[in-house]
Amino acid sequence: MDEVKFGEILLPGDDDTQSRREKTVRQKFWPTFRRAVRQIPFSRDVVAGFYCALDPQTPTKVRGVLLAALAYFVMPIDMIPDVFAVIGFSDDIAVLSAAFAMVRGHIRPGHYEAADRVLADRPEAMKTI
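The opening residue of the sequence shown carries number 1 in this note's numbering; numbering runs sequentially from there.
Check each hint, because a few of them may be wrong.
Unchecked claim - Simulated DEER-style distance windows between Cβ atoms:
{"id": "1", "residue 1": "ALA120", "residue 2": "LEU11", "range": "28 to 36 Å"}
{"id": "2", "residue 1": "PRO41", "residue 2": "ALA120", "range": "12 to 20 Å"}
{"id": "3", "residue 1": "ASP16", "residue 2": "MET102", "range": "15 to 23 Å"}
{"id": "4", "residue 1": "ASP121", "residue 2": "PRO41", "range": "14 to 22 Å"}
{"id": "5", "residue 1": "ASP121", "residue 2": "THR60", "range": "28 to 36 Å"}
{"id": "6", "residue 1": "MET102", "residue 2": "LYS28", "range": "17 to 25 Å"}
{"id": "7", "residue 1": "ASP15", "residue 2": "ARG38", "range": "31 to 39 Å"}
{"id": "8", "residue 1": "ARG117", "residue 2": "ASP16", "range": "30 to 38 Å"}
{"id": "9", "residue 1": "PRO56", "residue 2": "SER90", "range": "18 to 26 Å"}
Please keep in mind that the hints were generated in silico from the structure rather than gathered at the bench. From the three backbone atoms N, C-alpha and C, an ideal C-beta is built for every residue, glycine too.
All chains, please: the whole structure from these sequences, using the hints.
Printed below as a string of structure tokens:
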């Protein structure tokens, strides 16, 4: 995937686009994450990014970039289907990595604390902030 494709995927979008993406991410994030957790080397960042994207205090453009990357992650159809072992999530990882590089400074300690609770298998942490 070239840089132009990443740029197209990671556009923050307008309010309607962000709302659609947020709804999709809220509905599909946890099931997709559970399937992919062993294949994503930075699971903590993915979950922290999820909480950052849903945090109303996160700047709109940052939320938009994260929602775009997370929507790509949860969509069943993408460049490389996720059903292929080993390489199935490689395109998702590339998109998520690019998004995190763009917004890393906006993912706050509270987002990482929420991610740590989820990754420690505490079900009450599966709720959004």
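In ascending order, which of the hints set out earlier in this document are inconsistent with the structure?
9
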